[in-house]
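Q: Could you build the full structure based on these sequences and the hints that come with them?
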Amino acid sequence: MALNAKWDELFGETSHPGQPPASMNLAGLPSPDGGGSGDPNLKADEGPWHKAGNTAGELRTSTTTSLTDLDSANEGVTGATAGFDSSAALTEIFGTWKTRLTAVRDECGRLESALKSAGRDFGEREADTQRKIAAESPAPAQKKGN
Amino acid sequence: MPTWQQLRDVKLNEYTDAADGWGKVSSRSNTDKDRVDNGMFAKIHDTQKGETATRAAADVQQLSRNYQYLHTECGLIRTALNGLASELAAPQKKLKQALEDAENLKFTVKPDGSVEYPTQSSVLVPGTNTAQPGAPIPYKPGAAEGIGSPDANKGKAEDIAERIGEAVREANEIDGRYAAVLRKLKAPPGLTVDDATLVDAAADTKAMQQAAGKYADDDKIPQGKSPKENADWWNSLTQEQRDEYATLYPASVGALDGIPSAVRDDANRMVLAESKAQIQTDLKAIPPEPFPQKVFGGPRVGMIYSDEWIKWNKEYGDRKAHLDSSLNGIKSIEKRFDQTGKEGLPEAYLLGFSAEGNGRAIVANGNPDTADHTAVYVPGTTSNLGKVGGDIDRMVGLWRASDAMGGGTTSTITWLGYDAPQDIVKDAPFSHYANDGAPAYNKFMQGLETAQGGPDGSHTTAIGHSYGTTLIGSAARQGDLHADDVIFAGSPGVQVGSAGEMDVPKGHVWNQEAEDDPVPDIGRWGHGGSQWRLGGGVFLIPSDEPFGANQMATDTTGHSDYWKPDTESLRNQAAVVTGEYGQVKHVE
Chain A
3 MALNAKWDEL FGETSHPGQP PASMNLAGLP SPDGGGSGDP NLKADEGPWH KAGNTAGELR
63 TSTTTSLTDL DSANEGVTGA TAGFDSSAAL TEIFGTWKTR LTAVRDECGR LESALKSAGR
123 DFGEREADTQ RKIAAESPAP AQKKGN
Chain B
191 MPTWQQLRDV KLNEYTDAAD GWGKVSSRSN TDKDRVDNGM FAKIHDTQKG ETATRAAADV
251 QQLSRNYQYL HTECGLIRTA LNGLASELAA PQKKLKQALE DAENLKFTVK PDGSVEYPTQ
311 SSVLVPGTNT AQPGAPIPYK PGAAEGIGSP DANKGKAEDI AERIGEAVRE ANEIDGRYAA
371 VLRKLKAPPG LTVDDATLVD AAADTKAMQQ AAGKYADDDK IPQGKSPKEN ADWWNSLTQE
431 QRDEYATLYP ASVGALDGIP SAVRDDANRM VLAESKAQIQ TDLKAIPPEP FPQKVFGGPR
491 VGMIYSDEWI KWNKEYGDRK AHLDSSLNGI KSIEKRFDQT GKEGLPEAYL LGFSAEGNGR
551 AIVANGNPDT ADHTAVYVPG TTSNLGKVGG DIDRMVGLWR ASDAMGGGTT STITWLGYDA
611 PQDIVKDAPF SHYANDGAPA YNKFMQGLET AQGGPDGSHT TAIGHSYGTT LIGSAARQGD
671 LHADDVIFAG SPGVQVGSAG EMDVPKGHVW NQEAEDDPVP DIGRWGHGGS QWRLGGGVFL
731 IPSDEPFGAN QMATDTTGHS DYWKPDTESL RNQAAVVTGE YGQVKHVE
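Line by line, the protein sequences are chains A and B. Per this note's numbering, the very first residue in the first sequence carries number 3; after that it's consecutive. Per this note's numbering, the very first residue in the second sequence carries number 191; after that it's consecutive.
If you're looking for bench data, these hints aren't it; they were derived computationally from the structure. Take the hints with a grain of salt, since some may be wrong.
[To be verified] These stretches of chain A come out as covered by chain B in the derived footprint (C-beta under 8 Å, 3 or more residues): (1) 63 to 70; (2) 77 to 89; (3) 92 to 104; (4) 112 to 125.
[As the list claims (entries may be wrong)] 30 Å max Cα-Cα, derived DSSO-like pairs, lysine-lysine: (5) Lys474/B - Lys404/B; (6) Lys201/B - Lys100/A; (7) Lys53/A - Lys286/B; (8) Lys396/B - Lys374/B; (9) Lys201/B - Lys214/B; (10) Lys284/B - Lys296/B; (11) Lys532/B - Lys53/A; (12) Lys396/B - Lys415/B; (13) Lys284/B - Lys100/A; (14) Lys100/A - Lys283/B; (15) Lys201/B - Lys374/B; (16) Lys100/A - Lys376/B; (17) Lys404/B - Lys284/B; (18) Lys404/B - Lys616/B; (19) Lys283/B - Lys404/B; (20) Lys404/B - Lys286/B; (21) Lys415/B - Lys53/A; (22) Lys214/B - Lys53/A; (23) Lys53/A - Lys525/B; (24) Lys374/B - Lys100/A; (25) Lys100/A - Lys286/B.
[To be verified] Ranges of calculated distance between the beta carbons of each label pair, as one might list FRET restraints: (26) Thr104/A - Glu293/B: 46 to 52 Å; (27) Leu69/A - Ala511/B: 42 to 48 Å; (28) Glu60/A - Ala280/B: 29 to 35 Å.
Only a predicted model underlies this, so the values are computations on that prediction, with no experimental measurement involved. Glycine is no exception: its CB is placed at the ideal position from the N, C-alpha and C atoms.
A: This is the structure in structure tokens:
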């Protein structure tokens, strides 16, 4: 795939929240030609795009915690505060923030994959791959898992 | 609308527990925003060029804005729930007291809030009667009517019924007020945080200030107090209260000298984001400037402004110019935010911001609270928010030069915290701009000192350019500078006549006058100081030998190049800022 087309796929679809992030699949599957590894969980090297991707992964976890916090915070409120309109108002807005936080969490996941994938395209390599290249040089990098 | 039974039974701790949860989300989002800025954006920004890399950076910035938005809005929801619980406690207590009184008297409170009581009369048959709330005045419940009434229980029951009714009415008012403001705090779906979102967020904040004003009162934020008193107040709050004040009153908290720089930065960044959104919205509402401005008015008058343009200009001209200028300044500050991480540049801290009037912008490179060395630069004539970009760049340059000295961590700060003279001829000869701004500078410097943990917390240098040196001189004259070193560049005079009056140890006032800088010799007649001693004089400026400043060498020319990168002029300043006095090159 041409780099630009791939970039479009990685970063061009953010305005469609309903659409599954294409990059997740892209980064999560080994390339059909076996070149390079698509595993986003490989130990990343020190490249800035990988680091940014790692941070996105951490933020995904952090935002998941926020979602949990919100759920437990609102548990039982309505029952214990019957008759109060504020509780009804809270219930109304609670759902909208859950949706928002979920979108943010998913965006972190999308960015994690997309940034790491971008890092590879920019020539950043996972430590594993680099070691392999070093070990097997000058032969081309061995396919992984094939 | 709660009944008295619901008011009795409501578990207010459920609201405060829920508030804790929203508060956690708010605080975590604030931290997460910093992680996006420093752990993502700063890493990838500028590492790759091209449209696609730019798009990735834009997505990351959008994520950052989302966390900032979550920080504010979830913080407001937290405050609403705490305010609700706190305010409902009073009517609930009132109700419970009334119910207790009823029980002690063996009265029965009926479901509709009326109170049934045993009649106490020598003439009537023993039985029961019912008191309703709201006994008509002057038959004041429990008082007027009770006294001398044939039935003493009647007055007591009416009093109880009235108290129950009042408690429920109060609870209703509180509940209604918070319900209305909570309903405003809906999250739009998706990930967009645009001008409309932020203008809404600012309106939400205002609405919450109104609704929760009794609970979190902005009168409690110190005003016009010393930085030490500000810090004492801040330290007296619980973490939750601090978070509440920071999200509910970001402008006040952001301006508070003496509290931690990281807190001020977060608050001011929100103010900046919301101001930008408002300004852009306002600009869009202004109709386009008629074109062309000028039309042919006939052979005798030639080209004249068109009626259409004159009308437009009269109505919108000044306002548009001000909005444009503010927006320009905001973009310069944002540009500095985006530079973090580039060639080692540390995080920016926005320690002051306002788009009112000439504007305010106080921007630090690196956290001054923890820096070994701090430099606070005051720009001169014609500086304002719209042009602050150049002044920010100067302190970025000084940070790099100081960092290259290798003598510990440095924070360099652009302090546009005063209304500078805007016209060299009409305004700059006057002292009042300096005199009015100097107390704010002293307070800012003292606030840094407080946040740094005392005078020994950081080695601090006051730096002035042009009219900024006059302000620093005025600050030393009027109060205490709270600095260890002073650097003047292109000074037209500093109101005092000797280095000894600059509030720093002997030998710690440094001056630079570049070749062909006309300002010092013009300015002395307006801003020079005097020394009434032998060898002294009048109209003295820091460039004069009797003033007693160290004269540092410059290799730049003119009035505006003292911070040109890779120059001796700048390196000398960096040497003073980092306390590497041995490396300063003096004028031969």
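Q: Next, verify each hint and record whether it holds.
A: Results of checking the hints against the structure:
{"no.": "1", "hint": "63 to 70", "verdict": "holds (count 4)"}
{"no.": "2", "hint": "77 to 89", "verdict": "holds (count 9)"}
{"no.": "3", "hint": "92 to 104", "verdict": "holds (count 8)"}
{"no.": "4", "hint": "112 to 125", "verdict": "holds (count 5)"}
{"no.": "5", "hint": "Lys474/B - Lys404/B", "verdict": "36 Å, violated"}
{"no.": "6", "hint": "Lys201/B - Lys100/A", "verdict": "24 Å, holds"}
{"no.": "7", "hint": "Lys53/A - Lys286/B", "verdict": "58 Å, violated"}
{"no.": "8", "hint": "Lys396/B - Lys374/B", "verdict": "11 Å, holds"}
{"no.": "9", "hint": "Lys201/B - Lys214/B", "verdict": "21 Å, holds"}
{"no.": "10", "hint": "Lys284/B - Lys296/B", "verdict": "18 Å, holds"}
{"no.": "11", "hint": "Lys532/B - Lys53/A", "verdict": "15 Å, holds"}
{"no.": "12", "hint": "Lys396/B - Lys415/B", "verdict": "24 Å, holds"}
{"no.": "13", "hint": "Lys284/B - Lys100/A", "verdict": "36 Å, violated"}
{"no.": "14", "hint": "Lys100/A - Lys283/B", "verdict": "34 Å, violated"}
{"no.": "15", "hint": "Lys201/B - Lys374/B", "verdict": "24 Å, holds"}
{"no.": "16", "hint": "Lys100/A - Lys376/B", "verdict": "11 Å, holds"}
{"no.": "17", "hint": "Lys404/B - Lys284/B", "verdict": "18 Å, holds"}
{"no.": "18", "hint": "Lys404/B - Lys616/B", "verdict": "47 Å, violated"}
{"no.": "19", "hint": "Lys283/B - Lys404/B", "verdict": "18 Å, holds"}
{"no.": "20", "hint": "Lys404/B - Lys286/B", "verdict": "22 Å, holds"}
{"no.": "21", "hint": "Lys415/B - Lys53/A", "verdict": "44 Å, violated"}
{"no.": "22", "hint": "Lys214/B - Lys53/A", "verdict": "26 Å, holds"}
{"no.": "23", "hint": "Lys53/A - Lys525/B", "verdict": "23 Å, holds"}
{"no.": "24", "hint": "Lys374/B - Lys100/A", "verdict": "16 Å, holds"}
{"no.": "25", "hint": "Lys100/A - Lys286/B", "verdict": "36 Å, violated"}
{"no.": "26", "hint": "Thr104/A - Glu293/B: 46 to 52 Å", "verdict": "49 Å, holds"}
{"no.": "27", "hint": "Leu69/A - Ala511/B: 42 to 48 Å", "verdict": "46 Å, holds"}
{"no.": "28", "hint": "Glu60/A - Ala280/B: 29 to 35 Å", "verdict": "44 Å, violated"}
Comparing the model with each earlier hint shows violations of hints 5, 7, 13, 14, 18, 21, 25 and 28; every other hint is respected.
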